[in-house]
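Asker: What follows is the residue order along each chain.
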Amino acid sequence: MSYKFHQFQVVGRALPTESDEHPKIYRMKLWATNEVRAKSKFWYYLRKLKKVKKSNGQMLAINEIFEKNPTTIKNYGIWLRYQSRTGYHNMYKEYRDTTLNGSIEQMYTEMASRHRVRHHCIQVIKTATIPAKLCKRESTKQFHNSKIKFPLVFKKVRPPTRKLKTTYKASRPNLFV
Amino acid sequence: MPFKRYVEVGRIALVNYGKDYGKLVVIVDVIDQNRALVDAPDMVRGQMNFKRLTLTDIKIDIKRVPNKKTLIAALEAADVKNKWESSSWGRKLIVQKKRASLNDFDRFKIMLAKIKKAGVVRQELAKLKKETTC
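As they're listed, the protein sequences go chains A and B. Counting from 1, one number per residue, gives the positions in the first sequence under the numbering used here. Counting from 1001, one number per residue, gives the positions in the second sequence under the numbering used here.
There could be a bad hint or two in this list.
No more than 30 Å apart at the CA atoms, straight line, and that leaves these computed lysine-lysine pairs for DSS-like [stated by the list, open to error]: (1) A:K169 / A:K155; (2) B:K1081 / A:K155; (3) A:K147 / B:K1129; (4) A:K147 / B:K1083; (5) A:K156 / B:K1081; (6) A:K156 / B:K1116; (7) B:K1081 / A:K169; (8) B:K1109 / A:K155; (9) B:K1023 / A:K155; (10) A:K53 / A:K29; (11) B:K1092 / B:K1129; (12) A:K29 / A:K4; (13) A:K155 / B:K1098; (14) B:K1116 / A:K155.
Derived by calculation from the structure, the hints in this document are not laboratory data.
Throw the hints in and build the complete structure from the sequences for me.
Answerer: Written out as structure tokens, the structure is:
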């Protein structure tokens, strides 16, 4: 499964000066499509929090963080701050996914579709793995059933490869499961 | 017509699109409305969209997300492989695969066998016709 958004740990600090020999080191975990963007995002956030810019700072480390257990399903809660056409708002969203990167990708696509918020207007404040008891949204809680059972109601007939796709078919498909 | 094949833990499904096309996998857990966590003895447990799966009639008795050993043992106990290969769907797939892997000599042999079979059928038909008409 390839994800568009990767999670990076970026560590940086201001450059040492005569007045401040050992400036404080700051570490951020953020999501970006690649390392270059991750570093850029790091300076963007750090500028808003501390009086340091990329020109008077240095990057100490950037590492990609991978999912520890990509084969287990988890409920992710994502706190975000986004810019709508009229102002900034906070939001809390829940997703069920196997990896954090997957749920972040789900979040970005859902924000784009439901609220028309583009990726650069979203700031992820916090993410957490939520145990099933503490989930708030019904749409995630409905899957917290160990005896879950539902039929697939509509069977879409697809050719097994895109090569075999044709515009016209000889007969109507049978859509019953 | 009520539904007979449900998405549930332990349902065997056939992959009908993508890299694992043609494999039988077990639905081990349901992620959300569109995706399931699937597992098979020869693949890493991963997520798959329901659009890539076709449910079968076979269901095995497992708990949610078993570990690989338990899964393989449950598959053996339910004898999924034999049940699948003796079902009409499974047999059709085996025949399809065999037909696709024939070489020219095999196709020649099949042609001869078909001619022979048609000859025998026609003889029997002629015999039956003779009995009924005269």
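Asker: Does each hint hold? Answer for all of them.
Answerer: Hint check results:
Restraint check for A:K169 and A:K155: the C-alpha separation of about 17 Å stays at or below 30 Å, so the hint holds. For a cut-off of 30 Å, the pair hint linking B:K1081 to A:K155 stands: about 25 Å separates their Cα positions. Between A:K147 and B:K1129 the CA atoms are separated by roughly 60 Å; this puts the pair beyond 30 Å, and the hint is violated. Using a Cα cut-off of 30 Å, the hinted pair A:K147 and B:K1083 holds, with the two alpha carbons roughly 24 Å apart.
For the given pair, A:K156 sits about 26 Å from B:K1081 by alpha-carbon distance, which is consistent with the 30 Å threshold. Of the supplied pair hints, the one linking A:K156 and B:K1116 is violated, its CA atoms being roughly 41 Å apart against a limit of 30 Å. Taking the CA atoms of B:K1081 and A:K169, the gap is about 33 Å. The hint is violated against a cut of 30 Å. Under the criterion of a C-alpha separation no larger than 30 Å, the hint pairing B:K1109 with A:K155 is inconsistent with the structure, at around 39 Å.
Note on B:K1023 and A:K155: the hinted pairing holds, with a Cα-Cα distance of about 19 Å set against a maximum of 30 Å. Our distance criterion of 30 Å between C-alpha atoms is met by A:K53 and A:K29, whose separation comes to about 18 Å. A C-alpha spacing of about 33 Å is found between B:K1092 and B:K1129, which places the hinted pair above 30 Å, so the restraint is violated. Restraint check for A:K29 and A:K4: the C-alpha separation of about 16 Å stays at or below 30 Å, so the hint holds.
For the suggested pair A:K155 and B:K1098, the alpha carbons sit about 27 Å apart, so the restraint of at most 30 Å is met. Of the pairs offered as hints, the one joining B:K1116 and A:K155 is violated, with about 41 Å between alpha carbons and a cut-off of 30 Å exceeded.
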